[in-house]
Amino acid sequence: MAKQIDIDLVRHVGKLSRIELTDEQVRTFSRQLGEIIGYFDKLRELDTDNVEPMAHAVELTNVFAEDAPGESLTPEAALSNAPDRRDDMFQVPRIIGTGS
Amino acid sequence: MMRTSDDILPVVGLEIHVELATATKLFCRCRNTFGDPPNTHVCPVCIGLPGALPVMNRRAVELSMKVGLALDCKVADYTKWDRKNYYYPDLPKNYQISQYDLPLAADGRLEIPLSDGSTHVVRVLRAHLEEDAGKNIHAAAAHTGVDLNRSCVPLLEIVSEPDMHSVEQVLGYARAMHRLVRWLGASEANMQMGQMRFEPNVNLRIKRGDVEFRTPIAEIKNLNSFRALERTVAFEIDRQYAAWLEDPEGFSIDKLGKQNRGYDDDREQTVFQREKEEAHDYRYFPDPDLAPVVMDKSWRDSVAAEIGELPLARWKRYTEDYSLSPEEADALTQDPETGDILDEAVDTGADARRGVNLLLGRGAALANERGCAIAAVGVTGGQLGELVKMQDAGEVNATAAARIFDILTETDQSPREVAEREGLLAVSDSNQIEQWVEQVIEASPQAVEDATGGGKKQKGAFGFLTGQVMQLSKGAAQPQEVQQILRQKLGL
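These protein sequence lines are chains V and G, in that order.
Heads up: the first sequence runs through residues 46 to 145, numbered per my numbering.
Heads up: the second sequence runs through residues 5 to 496, numbered per my numbering.
Source of the hints: derived by calculation from the structure; they are not laboratory data.
If you're wondering where the values come from, they're calculated on a predicted model, not measured in any experiment.
The list that follows gives simulated cross-link-like pairs (lysine-lysine, DSSO-like), each with its CA atoms no further than 27 Å apart:
1) G/Lys225 with G/Lys97
2) G/Lys88 with V/Lys60
3) G/Lys493 with G/Lys463
4) G/Lys393 with G/Lys320
5) G/Lys259 with G/Lys225
6) G/Lys301 with G/Lys84
7) G/Lys478 with G/Lys463
8) G/Lys259 with G/Lys211
9) G/Lys225 with G/Lys262
10) V/Lys60 with G/Lys262
11) G/Lys225 with V/Lys60
12) G/Lys225 with G/Lys88
13) G/Lys393 with G/Lys478
14) V/Lys60 with G/Lys139
15) V/Lys60 with G/Lys97
Covered by chain V, according to a simulated footprint, are these stretches of chain G (three or more residues, beta-carbon under 8 Å):
16) 15-28
17) 37-48
18) 148-159
Built from N, CA and C at the ideal position, the CB exists for glycine as well.
Work out the full structure: start from the sequences and follow the hints.
In structure tokens, the structure reads:
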């Protein structure tokens with residue numbers, strides 16, 4: 046059986062994703078996510094003992110760009126959809142501490 | 005603070021973040037620069053606009069391989085990138101592209117020189133290539149500004165095993181890594197620009213009698229100078245021992261595990277940082293936008309071929325073959341170019357000792373005046389070799405050699421040409437010296453009186469006269485010979 050998507054897990058994921066959820070949404074998502082995860086149980090019926098784990102869905106490797114500068118956006122263009130700005134910076138509510 | 009009855013062993017591991025010296029960012033072709041106006045090197049990829057796709061910078065991968073190989077790591081045949089999910093304003097995609105279970109390089113080692121001339125080996129657990137975050141700028145009181153110029157700059161994270169047991173070893177490892185990445189051209193590692201950052205984790209093994217205690221591990225985030233690193237580790241060792249003395253059973257790794265601490269630069273101490281709730285639930289998964297990278301043997305070999313003699317190997321060779329002190333060998337292995345000049349001079353048959361004296365004497369002084377590396381003052385190995393050989397043959401004295409060295413920094417001429425042009429070839433022609441001595445005696449009656457008067461001023465006046473003659477000879481006369489002739493003439 047796949048992991049149960051219970052209400053606590055939905056709340057936890059919501060919190061990690063900075064999404065506020067109503068009680069009703071939590072119940073709905075718990076059911077819907079449960080159905081999605083449930084589908085993986087079906088996939089698990091396949092015997093994959095002798096199959097290497099995949100790191101990627103396409104069998105491409107070594108896709109590179111050369112280290113040569115190209116065009117960047119102007120600050121004006123970069124900030125054009127920002128909800129809030131100050132001078133040429135994105136502006137967010139004050140954060141305390143240092144990040145990770 | 006230290007109590008002799010307890011046997012204390014600090015155990016320190018270090019994570020080092022190094023920004024790679026590429027022209028462009030890791031996943032887009034915006035410039036990798038520092039200090040430009042905010043948000044002038046940004047594009048849909050590095051500000052995380054929906055639908056933008058990252059493309060791996062080949063040079064960043066090669067520089068990472070180079071560091072990995074120089075650290076004696078196994079460079080992976082196959083490596084991939086993963087998303088590390090967390091929310092922070094300087095991380096516009098809400099995930100950092102990093103490497104989780106298949107790092108680019110692993111299982112290496114760095115041997116570091118210690119001040120007593122011995123060395124110590126620190127194992128390297130892994131090195132992986134990830135993207136840097138942007139910068140939060142706390143200017144206005146109620147708000148934080150975000151500059152994304154640094155977002156997506158290639159960052160190599162090098163994680164050591166906890167193999168350091170003293171402040172000296174921690175600093176030695178950090179400095180050796182700093183030197184190595186610069187040596188390889190992988191990073192400029194400028195600390196003021198945040199191009200190299202440290203995160204030490206520290207705890208103590210304390211033996212009292214037959215019982216061993218282990219204190220909780222403290223991880224200190226984001227230190228950006230050697231000084232902060234040194235103070236932090238020293239502070240933590242003292243702090244943990246004091247905390248353990250208070251409560252030997254309670255202050256233990258089994259009960260408290262690992263704590264995050266921050267370094268307070270003003271107070272010069274570390275402070276407890278409350279763990280953000282659920283902060284470490286990063287939900288890593290392979291990034292579907294990036295293709296894995298295969299580093300086959302021929303690619304690894306071609307990168308390995310670019311790595312010459314490494315700093316420690318050269319340091320050992322200098323202390324052993326040239327009999328240099330650890331400090332001299334250290335000064336000559338700050339960068340590859342300085343030692344190359346010395347080696348080239350020695351290859352022409354010049355004496356290493358004299359070459360070192362010139363490089364670390366006038367060379368270091370000029371470098372210091374000009375704010376550049378010794379190698380950059382502008383004397384070639386060929387010039388140094390010839391100059392040393394002339395000095396060995398007595399064709400120029402030490403003063404003249406130093407003067408010639410200075411002039412060589414501004415000319416492509418050979419030392420002999422300079423010596424001839426400037427009249428710096430040693431003059432042992434006593435007629436010439438006599439002439440200079442007579443000239444000086446005639447020009448300095450007061451000094452002559454003092455020098456022959458037998459009073460307190462005698463010694464100083466004699467020195468003055470000698471100096472005047474040396475000056476006339478432009479340093480080409482041998483001082484002993486000048487003094488001998490001077491004594492004769494003055495009847496001393």
